[in-house]
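Undergrad: Going down the list, the protein sequences come from chains Z and V. Count along the first sequence starting at 1, add 1089, and that's the number in our numbering. Count along the second sequence starting at 1, add 5, and that's the number in our numbering.
Derived from the structure by calculation, the hints contain no laboratory data. Since the structure is predicted, the reported quantities are computational estimates derived from the model, not experimental observations. Treat the hints with care, as some may be off.
Said to hold, decoys possible - Derived pair list, reagent style DSBU-like, types lysine-lysine, alpha-carbon separation capped at 30 Å:
| hint | chain 1 | residue 1 | chain 2 | residue 2 |
| --- | --- | --- | --- | --- |
| 1 | Z | Lys-1095 | Z | Lys-1286 |
| 2 | V | Lys-31 | Z | Lys-1228 |
| 3 | Z | Lys-1407 | V | Lys-202 |
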Amino acid sequence: MSNYPKPDGPTLRAIYEKAARIQFNDERVIKEIKAGKLVMPFYSTRGQEIIPAAISVSLTDDDYVNTIYRGGHDQIAKGFPLPDYWAEIAGRVTGACKGKGGPMHLTYPAKGIMVTTGIVGSTAPIANGLAWAAKLEGKGRVTIANFGDGAANIGAVHEAMNMAALWQLPVIFVCQNNAYAEHTSMARSTRVDSYAKRAAGYAMEGIRVDGNDPDEMYGAARWAIDRARAGEGPTFIEATTFRFNGHLIGEAGGYMDKELYAASQTRDPMPILRRRLVDQGIAAAGELDALDASIRAEIDAAVQAAYAADYPDPSELKVDVLVDAIA
Amino acid sequence: MTEPVKMTMIDAINRALHDAMEENGKILLLGEDVADPEDGGVFGATRGLSTRFGEDRVKSTPISEQAIVGAAIGASLVGYRPVAEVMLMNFMTVAMDMLVNHAAKLRFMSGGQTSVPITVRTMTGSGLSLGGQHSDFVEAWFAHTAGMKVVIPSSANDAYGLLRSAIDDADPVIFVETLPIYWAQGEVSFERIPIGKARVCREGSDLTIIAYGQMVSHSLTVATELAKQGKSVEVIDLRTVSPWDRETVLASVAKTGRALIVHEAVKEYGVGAEIASVIGEALFGRLVAPVQRLGAAYCPVPFSKPLEQAFAPNAESIGAAAAALLS
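Please model the complete structure; the sequences and the hints are all you need to start from.
TA: Here is the structure:
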């Protein structure tokens, strides 16, 4: 890790800001679901905030991100506008996808959020096409393909990694290893002890980092992004983390190892990062309090606007199926 | 205008790809063996194109159908128009997630923010002793999936004209090439043929036969034979299976009062059922006989020659069905 770039103070603060927005938004979604105001499947990213926050500080709107149904953190880190996000998950016509996509299919191309898929492993093959286009354009765009440890065992991911290596595509495969594939632990689904080892099988750079450590995550991502922009091909990053809220909101998580779960709670990356910013004099506690409050106010406004908006008209069923409206 | 030229269907496809790529730099080709170092495809459909347009735009791939269709989707999301070759229609099953969950749905699920203007060329057809995993027609699966179009040409001219339109189309198009008629010669006029429009191949007043693919020439043979007996048969080449041309079909059956739908796919749950149902609903009082369907036997495509010959409709079985309807 010593060769990787290190985040400076302002970068760490930017990572915190993104991660806090992710955390507060996630907590608000759960609150709204529990209050019965939102009816939707929700796959919380609580605990995984640092991964996309530390990657996306090195990306621009021109770079592409594909993510999965557990992708709220990736989307918000990349700049998904909260009003468009909330109206979409509330199924309103003002949503980013006019209420036709919902939480598992959020898209916002204006910020490079190209595909959110509910199908495990499908981000990777499509990411290759985005990266192929970027390579043809020659503007140094990078594509991030996010997926979980469960997807690492899907054939599509292996096909995509082989093709990306063969074609030297500017794509970064980010395996967010949160210890459980749905309800199944890594040990009960996978013989290898690190998915990053598999990269060698494709002659690809493979890195395993602590995804909850902003230094490691930023450094590895920045290194991979710089390589991709320079035409040096794809990278596989396995970012270890832990999912605090089970697979789906509402399930008890009884399959989780109790010691592992307890230990993960003591390593919650959010208070650790906050403490560090204050201790190292990067930001004063009062300044972070104000930042947090402004983010919460932003979320609150987005929630209220979403609830105030209309549902789509049933005639929308015939629109956007094909390029021409169906008669 | 270019003078019509006599050529095979396979040459017409090659020419359509060439002309499209010449006109538009955003058109890309990918698939197994498609580049010239790999012979330009197992049947030579893409021969010469990588030499002409370069291997950045015409890419041979590993045997990885999910990665092929995924890469096509990804590039299409950002302005390219990839033509992916999935060598045989049975291999589409390997890429069904990419086709059904992604290509067909991304426009709708994104609320129209993204579209997937890909063409997926594939080949199939019984009659070449290829057996159960290399000769199926499964067009009904794709016709049943909202968000994609299905085109099946029956001649060299249609192959050229429909493929040009498929590549231009803003939606995903499944383009099915029928292997046993791949080397049949025909005059090609190098004009685009609109998707969704059927062709009345032969006019008649007593019976309408609706067919596509190699069933069209069998149906025309039957119409010629029946004409000798004083029976007037109208033959419609559907050309596009989805969306199909209700207007042309219903106008014809309203005139003749009798309809026979013929396809090479298994009859049960096939495209013929949909067409028969619509005809029945629209023209119930005007039909002089129940709408009939003719399709392949309810079994996988067999290998042994006599079995394979008995599997799909042919001029003899179409003739018998037509005669029964007219009696």
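Undergrad: Determine for every hint whether it applies to the structure shown.
TA: Now for the hints, and whether the structure bears them out:
1. Only pairs whose Cα atoms come within 30 Å are accepted, and Z:Lys-1095 paired with Z:Lys-1286 is accepted, the gap being roughly 24 Å.
2. A threshold of 30 Å between alpha carbons decides the hint, and for V:Lys-31 with Z:Lys-1228 the separation of about 16 Å falls inside it, so the pair holds.
3. Of the pairs offered as hints, the one joining Z:Lys-1407 and V:Lys-202 holds, with about 21 Å between alpha carbons and a cut-off of 30 Å not exceeded.
Figure legend: structure checked against the earlier numbered hints; every hint is met.
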